[in-house]
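Engineer: Chains A, B and C, in that order, give the protein sequences. The first sequence begins at 1009 in our numbering and counts up by one. The second sequence begins at 2 in our numbering and counts up by one. The third sequence begins at 4 in our numbering and counts up by one.
In short, the hints are calculated from the structure, not lab data. Just so it is clear, the structure is predicted and the values come from calculations on it, not from any experiment. It is possible that some hints are incorrect.
[Stated by the list, open to error] DSBU-like mimics (lysine-lysine), calculated; alpha carbons at most 30 Å apart, straight line:
hint, chain 1, residue 1, chain 2, residue 2
1, B, 249, B, 272
2, B, 57, C, 9
3, A, 1194, C, 9
4, A, 1194, B, 306
5, B, 57, B, 158
6, A, 1247, A, 1194
7, B, 272, B, 57
8, B, 197, B, 57
9, C, 6, B, 57
10, B, 158, B, 215
11, B, 215, B, 249
12, B, 272, A, 1194
13, C, 9, B, 215
14, B, 215, C, 168
15, B, 249, B, 306
16, A, 1194, C, 42
17, B, 272, B, 306
[As the list claims (entries may be wrong)] A partial selection of chain C residues facing chain B, derived with a Cβ cut-off under 7 Å:
hint, residue
18, 11
19, 12
20, 14
21, 225
22, 237
23, 240
24, 243
25, 244
26, 245
27, 249
28, 250
29, 275
30, 355
31, 356
Just so you know, even glycine gets a beta-carbon here, dropped at the ideal spot from N, CA and C.
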Amino acid sequence: MDFGAINPTILIASLMVAAVPIMLAALGELVVEKSGVLNLGVEGMMIIGAIAGFVTAVHTGSPVAGFAGGAVAGALLSLVFAFLTQFLLTNQVATGLALTLFGLGLSSLAGQGYNGIKPPATHAVPFGPLADIPFFGRVVFGHDWMVYASIALVALVWWVLRATRLGLVIRAVGENHEAAHSLGYKVNRIRLGCTVFGGAMAGLGGAYVSLVRVPQWTDGITAGAGWIALAIVVFASWKPWRVLIGAYLFGGITVLQLNLQAAGSRIPVEYLSMSPYLITILVLVIMSSGRGRAGLNAPAALGQNFHASR
Amino acid sequence: MQDILLSVEGIGKSYPGVRANDDVSFRIGTGEVHALLGENGAGKSTLVKMIYGLVKPDEGRMMLRGQPYAPVEPRAARAAGVAMVFQHFSLFEALNVAENVALGMENPPPMRELAARIRSVSEEYGLPLDPSRMVGDLSAGERQRVEIIRCLLQDPKLLIMDEPTSVLTPQEVGILFRTLRQLSSEGTAILYISHKLEEIRTLCDAATILRRGKVVGSADPRQSTARELAEMMVGAVLTPPERKAAEKGEVVLGVTALNAASPIPFGTSLKEVSFTVARGEVLGIAGVAGNGQDELLLALSGELKSAPDRVRIAGRAAGDLGPAERRRAGLVAAPEDRYGHAAAPDMSLVENAFLTGQIRRNLDRGGFIDWPATRAFADEIIATYDVRTPGNHVAARALSGGNLQKFLIGRELDQSPDVIVINQPTWGVDAAAAAAIRQAILNRAAEGAGVVVISQDLDELLEVSDMFAVLNEGRLTRPRPVKGLTIDEIGLMMGGAHGMEVAHHVEA
Amino acid sequence: MLKLEKRPTPSTFWQYGTPVVAVLLTMVAGGLLFAALGKDPFAVIRTIFWDPVFGEFAFYLRGQLLVKAGPLILIAIGLALGFRAGIWNIGAEGQYIIGAVIGASVGLAAYPTESRWIFPAMILGGAFGGWLWAMIPAILKTRFNTNEILVSLMLVYVAETILAKAATGFLRNPDGAGFPGSRSFSSYKAASNPEIFAGSGLHWGGVAALVTAVLAYILLERHRLGFQIKLAGQAPRAARFHGVNPARLVVFCMGLSGALAGLAGIFEVSGPAGQISIDFNQGYGFTAIIVAFLGRLNPIGIVFAGLLMALTYVGGEMAATNLGLPSAAVQVFQGMLLFFLLGVDVLTNYRIRFFWGMK
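Please put together the full structure from these sequences, using the hints given.
Structural biologist: Dropping the structure here:
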């Protein structure tokens, strides 16, 4: 293989950008799953966030408004999921799939006429002379604010889950909803809140795809990133900092294979472009192998609906 | 009588098709240990859930220390000084003791401070606990301590305890009672829910007896005999099951040095379990919940496999056989959990009859199900075991616990088995159904089946068994004849009090 | 306020009633959507649901219905068996593609030989391809406890890449002047899958779908294996107690659904699509998920659901050409249908009580 044509500084800097969407979406889904809800609609919420963020940013001229729009759209779509699963007790797997199918359709419908437009640019944070330091300047101080915000969000989620009352209640609900109910916690409302947070994060990640990563609008722009985010939650054993590692790993693979393609590697293009998906499978196998639910640290009530009958 | 702490006046609650509570009134004094006595399904749980704010009464009112009391949620009840220890613990296995305690408190102090308080309170009441341990790794008795300490940290005026002793060894029961008396002497009232009469007679100052949702009487348990209380509770005179002295035949089930890792998260592995059961013999296996009972049932039913010669059914090596092949070899089993293990709750009784009856009752032809024969089998069970149901087409979940259990036990007994293994035959079943089930089991034994009954109800085991053994942390004691066993000996077989004596000695 | 109350026994009425209510609700919500897009909602609904069956061009469009419904039904039946057992194969799209590629490879390898064994061999190849692709998540699940949802889905993306490679590389028509796409099967008689009766739209794929529906119905209602599938889905521990081997059931259900998806793929490529092209797959593997649920995971229900879903495709195309309705609107419409279906299904197991005030 010829890595010669690939500049490691640029590679690391760009993998940090490539990792942002899946990191945000996976972090949101982690909170959702910690509360015991399995929302497979991440892909749908991301792509809705992508188009909503794109449209908002184009019309307001403000990328910040775009990110907000993406988050709101993702949250709204997740509200549909939360209502169906928490109050009408629908199967979470099926409802998540419905969310994805619906989101893909709706985004494509809403995105008509936005092909080929360029969104307003999201600029790098001006760190002044810091950005001129060799290697570190580009890798650490050369990014737009969302890159830093996503890392801060990882820290925030970690802290909330680990050290706050809210985090303890979320974990308790995901562990044993019957017990949480008998202690007087409103299981369905807590899950609703977590699901909407997860939707907002997925929407935010989607908006980052269409506003920064690509940046333009095409149908199916997220290309499975939502599913990879779901896999990263498993990879991370439901631990926030490992989400960061997982996202950088997959961001790295994506960037590397693109760079190899561009560098005219001898490996056929097809193998390179399927590599992120194959590696996701490989990682899932390694993570799950020989371990049960407890070994994986998965929330015990994951995917089970709760109905207080008496 | 002391000052009235809580008075309940004319409380009623209905669920679709069930009048759970009807015009229930009683009073609890400060520092009083008050028993709420009743059968399964008498409405005890609904009543205490209303006091704890989990369920809202349809009518009636409650007064706490002279003030109207109508908690809208458990939080309000806790703020008013009412705490509750649940029968099925409200604990989180993957969280540690301190976190579990914090979840039951309104304003928990920071974790470090809370851990220190857990240590000091647990020592004060002789209930040692390590705040940093994962609850999933604790024994049932230790888990109950977590629940109790969670309550005690809030300095309750009224402590509700729902069937607290069902998970304890006799020695642990003694320690619990000491703790409760200590609380009572400090002025905390205790509402003690149980259907175990002897316990209530030793512990409680007053008793209110519920039957079918109504108060049918109150008594001073110390002045009443167990028989009087029982008859008030059940509303009929009960006859203990008849035993025909059966000839012991050849050994039909032999288990030798069986080891099995638990497939259940936080479960208990089986270690070197050995026993034999002969035709006509009933082996009773006691033990506190979570000591390997579920695993033993799985290992005998075939859901958990082992080396072939570890389990022998009628002389034949069967350790590596699955459930279907073991049925073919003559062993039937009835797991504890009716909703989801022994039966599929959403399937009809006919389908549930096919679930285990397929092999021994020949209910299929080359894989194609013989529905008429299966319906006939279901109808036969319904008729023979007096299962109250609108028909064989209803979903299993529609039946009451006792009726479904009669159906499920009947389903196994009516397959002319050589070996019967039953876990918790009468758990959550009313007294009449329980008596019928025990009688049916004994009848099968008299006809020559070897029976293993795993139960947490010592009285039940002593009533039905010939031989008695205890599962303790996955190990089985050597089976001993029931005749001549004393409660103290049984308690020691059950592992005593899991290191709790030490704490009370220090305190004393 | 409203409150749910669990029914003691599932309602038979609502078991049949929910799909109808869901379709009606979707028409209302879809009508609002079409109105929001500036179209006359009644005209659009009529174009989608009425015209293909009874309208001016019904003679042609009815056939198109069967063309679209065939693969949907075939795939959905396989998926439904898995869903019933709690095994979530959502990568049917990938199995459909791989089935088509392998089946087509068999046919193209024989080109230009004329033999009546070529078409059956292609069918076997298609089923084998889908089975093979589904075995990957199945084996990973049974051997390594890997989540089959994520793996089967990831493999869709891999399959799409392989399809691109096939259309532009190893299966490309050598006489095609470098254009992507394989040789046409319609002009290679031994390997083509034409209409059985001209103009009917019914090809061998449609026949296979109907036969499969009947067989699957018998399996579920009469056979022990069907009982075990239902049991494993409703009460996994009871299934193990009955004697079901969960790993074997996963391999069976995944394998069967994969093989059926692969069959649908080869029937499509050798018939209506006519060749392997980069985008011959139309997302049938995903739409089939909706079909499976719309048919209440019941094989006979799925036949009707497949026809209805085909209606939205055919009618949606009509609405696109005649009324300028964006084709994505139909996709949204299908997504909404699944939402309503899942939501309304609560009525089967719960009663809804309304009451005033807070509870």
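Engineer: Taking the hints in turn, state whether each one holds.
Structural biologist: Hints and how they fare:
1. B/249 to B/272: holds (28 Å)
2. B/57 to C/9: At roughly 18 Å apart (the allowed maximum being 30 Å), residue 9 of chain C and residue 57 of chain B satisfy the hint.
3. A/1194 to C/9: holds (19 Å)
4. A/1194 to B/306: Distance ~41 Å between residue 1194 of chain A and residue 306 of chain B Cα, so the pair is violated.
5. B/57 to B/158: It holds: about 21 Å lies between the C-alpha atoms, which stays within 30 Å.
6. A/1247 to A/1194: holds (24 Å)
7. B/272 to B/57: violated (47 Å)
8. B/197 to B/57: holds (28 Å)
9. C/6 to B/57: With Cα atoms ~14 Å apart, residue 6 of chain C and residue 57 of chain B stay inside 30 Å; holds.
10. B/158 to B/215: Distance ~26 Å between residue 158 of chain B and residue 215 of chain B Cα, so the pair holds.
11. B/215 to B/249: With Cα atoms ~46 Å apart, residue 215 of chain B and residue 249 of chain B exceed 30 Å; violated.
12. B/272 to A/1194: Violated - the C-alpha atoms of residue 1194 of chain A and residue 272 of chain B are around 41 Å apart, more than 30 Å.
13. C/9 to B/215: Holds, at about 25 Å.
14. B/215 to C/168: Roughly 76 Å between the alpha carbons, so the hint for residue 215 of chain B and residue 168 of chain C is violated.
15. B/249 to B/306: holds (28 Å)
16. A/1194 to C/42: violated (43 Å)
17. B/272 to B/306: holds (14 Å)
18. 11: holds (4 Å)
19. 12: Since the shortest Cβ distance to chain B is 5 Å, the answer is holds.
20. 14: violated (11 Å)
21. 225: Holds, about 5 Å.
22. 237: holds (5 Å)
23. 240: holds (4 Å)
24. 243: holds (5 Å)
25. 244: Interface hint status for residue 244 of chain C: holds (6 Å vs cutoff 7 Å).
26. 245: holds (5 Å)
27. 249: Violated: closest Cβ of chain B sits about 11 Å from residue 249 of chain C, beyond 7 Å.
28. 250: violated (12 Å)
29. 275: With a closest approach of 36 Å, the residue 275 of chain C hint is violated.
30. 355: Check failed: Cβ of residue 355 of chain C comes no nearer than 13 Å to chain B, outside 7 Å.
31. 356: Violated. Min distance 9 Å.
Checked against the numbered hints above, the structure violates hints 4, 7, 11, 12, 14, 16, 20, 27, 28, 29, 30 and 31; every other hint is satisfied.
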